[in-house]
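Asks: Residue numbers (my numbering), protein chains in the order written: chain Z, 1 to 93; chain S, 94 to 186.
Hints in this document: simulated from the structure, not taken from any laboratory.
Mixed in with the good hints there might be a few duds.
What the hints assert, rightly or not - Lysine to any residue pairs mimicking SDA-like chemistry, simulated, CA-CA at most 20 Å apart:
1. Z:LYS42 x S:VAL170
2. S:LYS135 x S:VAL118
3. S:LYS135 x Z:ALA72
Stated by the list, open to error - If you want the ones that stay clear, here's a sample from chain S, every Cβ over 10 Å from chain Z, calculated:
4. ALA114
5. GLU137
6. VAL170
What the hints assert, rightly or not - If you only want the chain S side, here are some residues facing chain Z, beta carbon under 10 Å, derived:
7. MET94
8. VAL123
9. PHE172
C-beta: ideal position from N, C-alpha, C; glycine also.
Spelled out, the chains give:
2 protein chains.
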Amino acid sequence: MYTLLVCYDIVGDDRRDEVSAVLSVHGAHVQLSTFECALRTKREVTAARAALKRIIDQDEDQVRIYQLGNAAMDSRVIFGRRRLEERADFYIV
Amino acid sequence: MYTLLVCYDIVGDDRRDEVSAVLSVHGAHVQLSTFECALRTKREVTAARAALKRIIDQDEDQVRIYQLGNAAMDSRVIFGRRRLEERADFYIV
Chain Z
1 MYTLLVCYDI VGDDRRDEVS AVLSVHGAHV QLSTFECALR TKREVTAARA ALKRIIDQDE
61 DQVRIYQLGN AAMDSRVIFG RRRLEERADF YIV
Chain S
94 MYTLLVCYDI VGDDRRDEVS AVLSVHGAHV QLSTFECALR TKREVTAARA ALKRIIDQDE
154 DQVRIYQLGN AAMDSRVIFG RRRLEERADF YIV
């Protein structure tokens with residue numbers, strides 16, 4: 001399992017919706033510009049990355065992808081009760 | 094050194110500016126709602142977390158903090174040439 005944190009600044013609404021659609025297949029839309037994704041195979045990771053790269057405008061937009069290990073996920077801290085969407089395994093402090 | 098990735102959805106402009114001010118002391122404002130921070134001590138981490146928790150509105154806002162190890166930082170991928178601010182050690186694909 002590959003846990004990816006994807007953060008993005010996308011200028012165009014259509015492109016942002018497309019990015020969101022690609023990512024929502026794989027995980028939770030945890031903040032307006034952030035997804036926590038769980039992908040099963042390296043092939044899924046490669047395909048998702050290729051799709052994101054194809055969708056964005058290379059000059060206007062930016063996507064950041066971080067592959068998180070268990071330690072990073074275990075260290076995750078969430079302040080505030082605002083919720084957009086969450087994966088099942090999270091905790092609040 | 095503690096590398097923290099901080100992502101936030103903050104409704105109020107003033108609170109968002111305050112969060113940004115706290116984080117900009119420690120790192121780069123890499124996207125509109127995302128900072129990559131490098132903190133030197135556990136005490137700095139504790140103080141920064143406390144400040145963020147104090148600033149935000151617990152009902153309206155959300156801050157997510159991920160402590161990233163070297164593997165997560167090495168795995169970081171950035172698509173798109175949009176730049177807000179970057180730390181020195183990053184690479185583009």
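Asks: Any of the earlier hints contradicted here, and which numbers?
Replies: 6 and 7
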